[in-house]
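Heads up: the protein sequence lines correspond to chains A and B, in order. By our numbering, the letter at position 79 of the first sequence is numbered 79, and the numbering carries on one by one without gaps. By our numbering, the letter at position 81 of the second sequence is numbered 1081, and the numbering carries on one by one without gaps.
These are calculated hints, taken from the structure and not from any lab test. Keep in mind that the hints are not guaranteed to be accurate.
To be verified - Here are the simulated distance ranges between beta carbons:
1) A1002/B to N22/A: 31 to 37 Å
2) L1039/B to A78/A: 27 to 33 Å
3) Q1017/B to S52/A: 40 to 46 Å
As the list claims (entries may be wrong) - List of simulated lysine-lysine pairs, DSBU-like, C-alpha gap at most 35 Å:
4) K1014/B to K42/A
5) K68/A to K42/A
6) K1057/B to K42/A
7) K68/A to K1057/B
8) K1/A to K1057/B
9) K1/A to K1078/B
10) K1078/B to K42/A
11) K1078/B to K1011/B
12) K1011/B to K42/A
13) K1014/B to K1078/B
14) K1011/B to K1057/B
These numbers were taken from a predicted model, which means no experiment stands behind them. Idealized CB from N, CA, C, for every residue including glycine.
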Amino acid sequence: KQEVTQIPAALSVPEGENLVLNCSFTDSAIYNLQWFRQDPGKGLTSLLLIQSSQREQTSGRLNASLDKSSGRSTLYIAASQPGDSATYLCAVCPGDSSYKLIFGSGTRLLVRP
Amino acid sequence: GAGVSQSPRYKVAKRGQDVALRCDPISGHVSLFWYQQALGQGPEFLTYFQNEAQLDKSGLPSDRFFAERPEGSVSTLKIQRTQQEDSAVYLCASSPFTGANVLTFGAGSRLTVL
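Between the sequences and the hints, there should be enough to build the whole structure, so can you do that?
Written as structure tokens, this is what we have:
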């Protein structure tokens, strides 16, 4: 059974720092891996989607990598800003299902001005 | 509309009451998903529709949960005889494609069962 773990559960950094959020999954047979952002009281916003055949994706200050063999993904945020404060969720789409996302519990990020 | 709309945003129910949660997906979106998110946890898959067909309902916790999308657009998640453990945020998402690609989530419906 696929399980997704995110470390750390919470992170507080000063503005301007580069930071890395970690995601690990137990079964390397995946269809894709996605990173989402969730602001309090709101739904999820899709940040990056990495297909199974890809190694990384970039969008602005965000870069996500995927290493299927080791069951790991990292989300790199460059030059963090207070507006980046949110919960970041990693989700895996299992290889035997192209539609079901299995989420980690998230990393709660606070960027201090 | 421009996004996925869910109603009500907040619902308080007494234990044993029935509730209905509505999701208006983005017009023309083929796929529709329901997820349940407990406090401090990531969302958990409940069910998946492709147009009006419910292709997977394996995540529904019990037979008290029922979802439908009769005309392939609006969807309703119904919970009968609510229990305290049903308290959660229920998230709806839609996609113009089949599968979990390019998802747009709604803001969710927060259900509190007393």
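| query | Does K1011/B lie within 35 Å of K1078/B when you go C-alpha to C-alpha? | reply | holds, 13 Å
| query | Holds or violated: 40 to 46 Å for the Cβ distance of Q1017/B and S52/A? | reply | holds, 43 Å
| task | Evaluate the given range 27 to 33 Å for the C-beta pair formed by L1039/B and A78/A. | result | holds, 31 Å
| said: Hinted pair, alpha-carbon criterion (35 Å max): K68/A, K1057/B. Please report holds or violated. | reply: Distance of about 28 Å is within 35 Å: holds.
| field | Satisfaction of hint between K1078/B and K1/A, Cα-Cα up to 35 Å | value | holds, 28 Å
| message | With the threshold set at 35 Å, check whether the alpha-carbon distance from K1011/B to K1057/B stays at or below it. | response | Judged against 35 Å, a Cα distance of about 23 Å means the pair holds.
| request: Mind checking the alpha carbons of K1014/B and K42/A for me, to see if they're no more than 35 Å apart? | output: Holds - the C-alpha atoms of K42/A and K1014/B are around 24 Å apart, at most 35 Å.
| said: K1078/B and K42/A were given as a pair; does the straight-line alpha-carbon distance stay at or below 35 Å? | reply: holds, 21 Å
| task | Assess, step by step, whether the Cα of K1014/B is no farther than 35 Å from the Cα of K1078/B, and give holds or violated. | result | With Cα atoms ~15 Å apart, K1014/B and K1078/B stay inside 35 Å; holds.
| query | Within 35 Å, alpha carbon to alpha carbon, are K68/A and K42/A? | reply | holds, 30 Å
| request: Please work out if K1/A and K1057/B have their alpha carbons no farther apart than 35 Å. | output: This hinted pair holds, its Cα atoms lying about 18 Å apart.
| message | Does K42/A sit within 35 Å of K1011/B, going by the straight-line distance between their CA atoms? | response | Cα-Cα ~15 Å, so holds.
Checked against the numbered hints listed earlier, the structure breaks none of them; every hint is satisfied.
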